[in-house]
Amino acid sequence: MKQTHPISKLRSKLRLQSLRVKLGLALITLAVLPLLLLAGITAEMTEKTLLQNANQSLYGTATQTALRLDGFIQANLDAMRAATQLPDITNYIEAAAKQQPSVALESKVLDVFRALLRRNGLNIISYTILDRQGKVLIDSTFQTNGQDQSDQDYFQQAISTGLAYASAIRVTNTRQELASLYFSSAIRDESGAILGALVMRYNAGIIQQLLTQSNGMAGDESFAILVDENHVRLAHGTNPELAFKSVVPLPPDRLKSLQTSGRLPKRLPEQLSTNLPTMERALHQATCASVTCPPVYTTTELALPNQEVHTLAITRMQTQPWFVLAAQPQRLLLAPIYAQLQMVLIFVGLIAISAIGVAFIVGRQFTQPIIQLTDQVTQFTAGDLAVRSRVRAKDEIGILAISFNNMAEQVGNLLQQRALQLVTVRQTEAQYRQKAQELEQTLRELQRTQSQLIQSEKMSSLGQLVAGVAHEINNPASFIQGNLTHAREYAGDLLRLMDLYQTEYPNPSPKLQSALDSMDLDFVQADFPKLFNSMQTGSDRIREIVLSLRNFARLDESEFKKVDLHEGIDSTLVILGSRLKATNSRPDIQVIKHYQSLPQVECYPGQLNQVFMNILSNAIDAIDERQKGDDDQAQGSMPTITIYTQVLEANSVAIRFQNTGLRIPEAVRDRLFDPFFTTKPVGAGTGMGLAISYQIITEKHSGKLWCESDTEVMFSLEIPVHQG
Amino acid sequence: MDSRFIRSTVLFLLSFTLIAACQAPIATPPPASLSPLKISYNTWVGFFPLAIAQEKGFFAQQGAQVQLVYNETSSNISAFNTNQLDGVFCALGDAVTIGSQNAEDAVVAMTDESNGADMLVVQPGIQSIADLKGKHIGVKLSQFGELFVEQGLASQGLLAKDVSFVDTEASNVPKALQKQTIQAGHTWEPFISEAKIKPEQILFTSKQTPGVISDVIMFRGKVLRDRPEQIRAFLRAWFQAVDYWQANPQAGNALIAKFFKIDPKVISLEGIHLATLADNRAQFAPNSKHSIAQSAKLYNDFFLRINSVSAPVNIDKLLNSSFLPTTQP
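Top to bottom, those sequences are chains H and A. Numbering-wise, the first sequence is residues 1 to 724 according to the working numbering. Numbering-wise, the second sequence is residues 1 to 329 according to the working numbering.
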């Protein structure tokens with residue numbers, strides 16, 4: 001019972017705990033799913049909003065940057081316009097036009113230049129005054145004095161339009177690449193006639209510097225890029241080395257012409273481009289004819305840094321045909337969503353853990369009574385009828401528990417009644433069984449007693465018979481014995497008489513002679529004494545046998561007598577004499593006697609003889625059995641019965657009968673003295689011999705009888721010298 | 001089996017939460033310290049130890065990755081201003097100009113003080129400062145050269161308005177003198193030797209204007225913030241080179257001549273005082289009588305006077321001695 005129910009217990013527990021798991025999963029699903037759904041929707045919406053905001057912010061930055069650049073250019077154009085009206089400059093150019101240069105005027109112009117340079121000493125490279133023909137009248141650095149710059153756009157534009165002009169960015173490559181921006185404005189006399197032009201050369205680095213100011217304006221890592229009408233980058237907020245690289249490779253002829261006009265540095269074509277088709281498309285899209293171009297947004301990877309995906313907004317400048325792009329890495333745009341998602345995931349994790357916790361506790365509350373109830377049911381099933389559910393829940397489980405208790409009560413009563421009946425039946429059955437055993441015992445005793453009676457009766461009859469026969473033989477034999485001596489005496493006398501007659505009458509009558517011849521007197525005379533001897537021997541044998549018979553037949557003697565045990569053994573051997581003789585299968589059984597001198601022993605001689613008889617005849621049987629079987633050892637050896645007698649210290653004597661017969665197996669030896677136990681064929685033995693012997697030795701003579709069978713079979717018996 | 005399931009689920013969720021919590025919401029961009037420091041220099045004797053540091057491998061030895069950019073003209077200042085450079089070797093005057101535009105940029109070390117190496121060279125025939133009256137003087141305007149020349153002229157009572165300043169790079173001065181477009185100009189070695197200018201053509205030198213021209217190493221504020229260790233390594237190498245040159249002038253000169261591709265004969269420490277680490281400590285020390293701060297103040301006043309800046313620079317912020325090596329390299 002104990003082995004089976006833990007399994008069912010476990011199974012029920014598993015089933016109940018899976019209830020807990022189900023509860024947990026349900027709670028998690030209930031708590032987490034809507035949250036995830038909500039997070040997904042929010043993320044979607046946030047992303048949309050974020051991108052929209054980012055786009056707006058980037059567009060704002062682009063616009064603002066464009067405004068700054070426009071403002072810078074416009075301010076310089078204005079400054080140029082104003083500078084051309086400075087008297088020192090107009091005086092100087094007027095004098096130059098009249099071929100009247102003066103050191104004083106030049107000095108004044110240089111002072112003006114010095115003052116103008118103060119605007120941005122670092123970035124303004126030079127001021128120059130060109131005459132109507134485009135020749136450099138004076139350069140603030142004196143570097144280009146006298147040069148003809150009539151082919152330059154800043155000169156041509158200023159002269160032809162009469163307006164202030166800002167050039168494209170040019171790269172000169174003297175000792176090192178230097179990008180410049182030229183501002184020019186026509187110089188007029190008082191009548192308004194154009195006398196020449198004032199040119200300011202600005203280090204284009206200023207554009208880069210202005211663009212850099214937009215870094216971070218639209219959020220972390222945001223920056224601006226300036227791209228010209230050929231889609232060549234002019235400046236880059238974070239990677240200035242990208243300047244003069246076109247967005248996509250330019251056609252070779254276009255590249256060549258741009259290089260010739262100084263718009264691109266003289267580098268290898270591959271050093272002058274990147275390959276960003278998406279950005280190129282966006283720039284094309286931004287190139288619209290109308291004044292109010294819609295804002296253009298795009299998402300593209302940029303060459304630097306790290307090919308990362310950026311969101312771009314593009315706008316155009318007013319003063320130059322340039323595009324301003326504001327960019328920000330997308331990962332930063334979407335960072336709030338990631339942060340939000342991370343929060344959501346943390347919450348999901350926490351909620352899931354609490355859901356499991358709640359499921360565990362609630363599930364425990366649900367399953368604990370069920371497990372208890374199940375345990376109690378299992379206990380009840382296992383036989384503990386007294387068990388009752390202690391579940392006191394005020395719910396379905398409680399009702400179930402009460403139902404169980406009621407059922408247990410009824411089942412318990414029924415089972416108890418049955419158990420009682422069973423006990424009664426068992427008791428009755430046991431009583432009957434005991435009685436049967438008693439009867440069997442009695443029967444066995446009866447049988448034994450009967451058999452003993454038969455045996456003893458048989459022995460007693462045999463004894464009487466033997467005694468009677470011995471007595472009857474003894475008398476006639478006594479006659480023979482008694483008269484034999486006389487007969488020998490008389491015969492001797494007669495023979496002597498015959499001799500005398502022969503000597504006296506040497507010549508007998510022929511009649512006598514023929515009688516003598518026929519009877520062969522000589523032979524009779526010689527044989528007669530032998531005849532007597534033989535008769536004497538025979539008579540002696542009869543006497544001996546009779547003595548033995550009488551000795552053996554002491555069975556009837558029911559009192560203790562002091563006897564010589566050797567006499568009893570010898571008598572028995574005599575009776576068994578015929579059986580000791582050689583048969584077809586074996587030679588004579590030799591009987592070796594190792595007799596010590598024994599005292600007269602108080603005993604029932606007849607009964608002891610019976611014991612000797614049993615042991616010895618069994619020994620002969622065993623020897624016969626062994627000789628009958630094809631025992632090689634037995635064939636070679638002499639069948640022997642050896643008899644030892646000795647006095648023991650404890651005032652008792654021991655007699656041992658050893659034989660060379662068949663060994664007795666252990667199992668047989670244990671039962672040897674049991675009544676009715678026999679190894680002989682049915683009818684050949686009663687199985688009572690040794691049983692009776694045992695009884696005689698142990699009960700009648702307070703002795704011991706046992707059997708050993710190690711090398712040879714030996715029956716030993718010990719009896720005290722004195723009884724009582 | 002069931003409790004194992006629950007346990008593993010809880011474990012999974014816990015680790016999930018942990019991972020979610022630990023994950024940085026924004027992937028940080030790769031550290032900028034991996035890229036080398038891009039530093040611009042020009043041919044000025046005070047900057048020559050650069051050659052030694054580079055040729056002797058001191059930069060690598062100190063763990064500084066350096067990309068040296070040669071730029072002879074003052075456009076290096078512009079390049080520095082527009083984020084194309086991380087650092088620049090320049091005159092203190094330029095540093096003040098830069099500082100007035102980008103307050104975060106700072107001077108981290110002084111390289112030298114000009115003590116005769118800056119010269120005003122003149123056309124033959126001009127004997128004295130007084131002779132310069134009404135003459136064209138080539139000088140880079142709004143920069144340290146203008147202050148130097150102004151101070152030199154002032155020593156003889158001449159004012160700026162008495163002469164004509166022509167905005168000229170020092171490297172162009174010998175050529176302009178030859179072309180006679182200017183009668184005098186501010187320049188230094190090796191341009192003087194290269195133009196075979198005779199000693200009598202030197203009218204005055206920075207020896208006469210002590211404390212006016214000193215040169216410095218300056219870095220962008222962002223670089224100072226993001227890569228301080230690299231700057232420290234750079235300065236260790238720099239001072240190692242300074243010490244090496246002073247200890248082995250011949251070997252140093254050879255390395256410099258090779259690097260700058262100039263005649264070793266024109267290389268001389270005469271005319272400048274090369275600032276050692278000890279000098280730097282003294283110069284940067286607060287309340288020092290002869291300090292770089294005082295020189296900076298000179299420029300602050302000058303720029304305000306000539307109206308080339310809108311606001312004075314904050315000298316305490318401009319000069320940052322915290323990157324100087326703490327132990328002698």
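What the hints contain is simulated information worked out from the structure, not anything from laboratory work. Quick caveat, the model's predicted, so the values are computed rather than measured. All residues carry an ideal CB built from backbone N, CA and C; glycine is no exception. Do not take every clue at face value.
Claimed, not checked - Per the computed footprint, the stretches of chain A lying under chain H, defined by three or more beta-carbons under 8 Å from a beta-carbon of chain H, are:
(1) 73-82
(2) 128-139
(3) 239-253
(4) 303-317
Said to hold, decoys possible - Taking beta-carbon pairs under 7 Å as the criterion, some of the chain H residues facing chain A (in silico):
(5) Leu122
(6) Asn123
(7) Leu178
(8) Asn203
(9) Gln208
(10) Lys593
_When I compare C-beta atoms, does the region 128-139 of chain A have three or more residues closer than 8 Å to chain H?_
Check passed, 3 qualifying residues.
*Holds or violated: Lys593 (chain H) as interface residue toward chain A, Cβ cutoff 7 Å?*
88 Å, violated
*Any CB of chain A closer than 7 Å to the CB of Gln208 (chain H)?*
Hint on Gln208 (chain H): holds, closest Cβ of chain A at ~4 Å, below 7 Å.
*Verdict on chain H covering the region 303-317 of chain A, where coverage means 3 or more residues with a C-beta closer than 8 Å*: holds (count 3)
_Restraint check, 7 Å cut-off on beta carbons, for Leu122 (chain H) near chain A_ = 5 Å, holds
*Against chain A, with CB atoms and a cut of 7 Å, does the hint on Leu178 (chain H) hold up?*
6 Å, holds
*Report holds or violated for chain H covering the region 73-82 of chain A, Cβ cut-off 8 Å, minimum 3 residues.*
holds (count 8)
*Against chain H, does the region 239-253 of chain A show at least 3 residues with beta-carbon separation below 8 Å?*
violated (count 0)
*asked:* Does the closest beta carbon of chain A sit nearer than 7 Å to the beta carbon of Asn123 (chain H)?
replied: 6 Å, holds
*Grab the minimum C-beta distance from Asn203 (chain H) to chain A and call the hint holds if it beats 7 Å, violated otherwise.*
This hint holds: Asn203 (chain H) lies near chain A, its Cβ roughly 5 Å from the closest one there, short of 7 Å.
Taken one by one, the earlier hints fail for this structure at numbers 3 and 10, listed in ascending order.
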